[in-house]
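Protein sequence lines correspond, in order, to chains V and U.
The opening position of the first sequence corresponds to residue 1 in the working numbering, with each subsequent residue numbered one higher.
The opening position of the second sequence corresponds to residue 1 in the working numbering, with each subsequent residue numbered one higher.
Please note that the accuracy of each hint is not assured.
Partner residues are not named here, just some residues of chain U that face chain V (Cβ under 8 Å, in silico) [stated by the list, open to error]:
{"id": "1", "residue": "Y55"}
{"id": "2", "residue": "D74"}
{"id": "3", "residue": "L108"}
{"id": "4", "residue": "S109"}
{"id": "5", "residue": "W114"}
{"id": "6", "residue": "G117"}
Simulated from the structure, these hints should not be mistaken for lab results.
Ideal Cβ placement from N, Cα and C applies to all residues, glycine included.
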Amino acid sequence: QSALTQPASVSGSPGQSITISCTGTSSDVGGYNYVSWYQQHPGKAPKLMIYDVRNRPSGVSNRFSGSKSGNTASLTISGLQAEDEADYYCSSYASSSTLHWVFGGGTKLTVL
Amino acid sequence: QLQLQESGPGLVKPSETLSLTCTVSGGSISSSTYYWGWIRQPPGKGLEWIGSIYYSGSTYYNPSLKSRVTISVDTSKNQFSLKLSSVTAADTAVYYCARQRLSKEWLLSHFDYWGQGTLVTVSS
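Bound conformation, chain U alone (with noise of 0.2 Å):
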């Protein structure tokens, strides 16, 4: 059974990088048929797509957000990071990773398998 776990630091400081780390387990990161993805669901609101990373390195950011983020991928330790620097506190928000499935046609599709999430405070 496929599972993700999302670790890093629960209290950054504004101005501050947040820097999280999905490892991935029962299954591999380089397989060709899925991206992985961070979302993040700020306290009582909806959820916002951040970007998705392929094995390969390739990558698609919300551009809202894409000034600030930057996502990577170490195949060998079987994970994969989110940077997102400068944050405020409009950055708090609990930060969940997920498979992503990709389609026949090459395009993202679903998220399928989510890490449980965590949660990550702005606040001096």
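Isolated chain V, as found in the complex (with noise of 0.2 Å):
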């Protein structure tokens, strides 16, 4: 089973908002709501943003929000800011017999 896919790369400037789109298949992203969000700055170890599709864990900014449309889900940022800049992976739980948890292959965000 192949990862999900995520674009390489996506920009914005500050105030804007930025989506970050992750593709799968009915297996994974389509057909389940357990969808997560991880961002990642260089050096560090992922955090996460988002879980089950759209929900926030405490202390996650408001500006961070998810949602899902067939095999496909997407992470929208608003009031884009300079400490956003950093990699985001989708990830999802995968209907395989033998493959159960996928990541995306990781966006790198960029702030102008």
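Work from the hints to combine the two standalone chains into their complex.
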């Protein structure tokens, strides 16, 4: 089973909104509401930003939101700030008999 | 506050076995609501799920690594461990341990707490 598909890079100016897509199949993203998103700054461990498609953990800014349509999940960041510049990874439960969890390839967000 | 800490050799020779341990503090590894997972990240590349284990010893592995991976748990020490055999340079990566939530349907869900990661280099 392949990794979920994300754009390699996205960019936006401070104050703008951006959306990162994450495309899978009906066996993962499309079939279950267990999509999560992680933010990773250079040299740091990933940080959970969104879980179960659209839920934010305590302490995560409400500028971060998640959604899903069919086999594609999306992460939207509104009011871009310099500190949002990071790599973002989506992930999902996968209902294969062999693979049970899958990550996306990652998206580099640049704040211009 | 839950904390996870990876430990183990930072350098492993090709064809040998990579062994890492994750020590959990601030919470019990025997919680019924969580699995405990290993994830790795080669330099400059993305995240790859290696596998996850329940406190009872039930495991899920990434099929691409399954033939070389063993994940075990020691509840008395609040630790879980990773062994990856027959390593090559392609196994050079930062290895993370993390807590993985179980959904209400008993399916794997998100990773909510992560260790800081440990770099393992495979080289002679």
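Okay, the hints, checked on the actual structure:
Residue-level restraint check for Y55 of chain U is violated (minimum Cβ-Cβ distance to chain V is 17 Å; threshold 8 Å). Annotation: D74 of chain U was flagged as interfacial toward chain V, and the flag is violated, the nearest CB pair being 23 Å apart, outside 8 Å. Here the hint on L108 of chain U is kept, as its CB sits about 5 Å from the closest CB of chain V, short of 8 Å. This hint holds: S109 of chain U has a C-beta 5 Å from the nearest C-beta of chain V, less than the 8 Å allowed.
Hint on W114 of chain U holds. Least Cβ distance to chain V is approximately 4 Å, under the 8 Å limit. The interface hint given for G117 of chain U holds, since its Cβ lies 5 Å from the closest Cβ of chain V, which is under the 8 Å cut-off.
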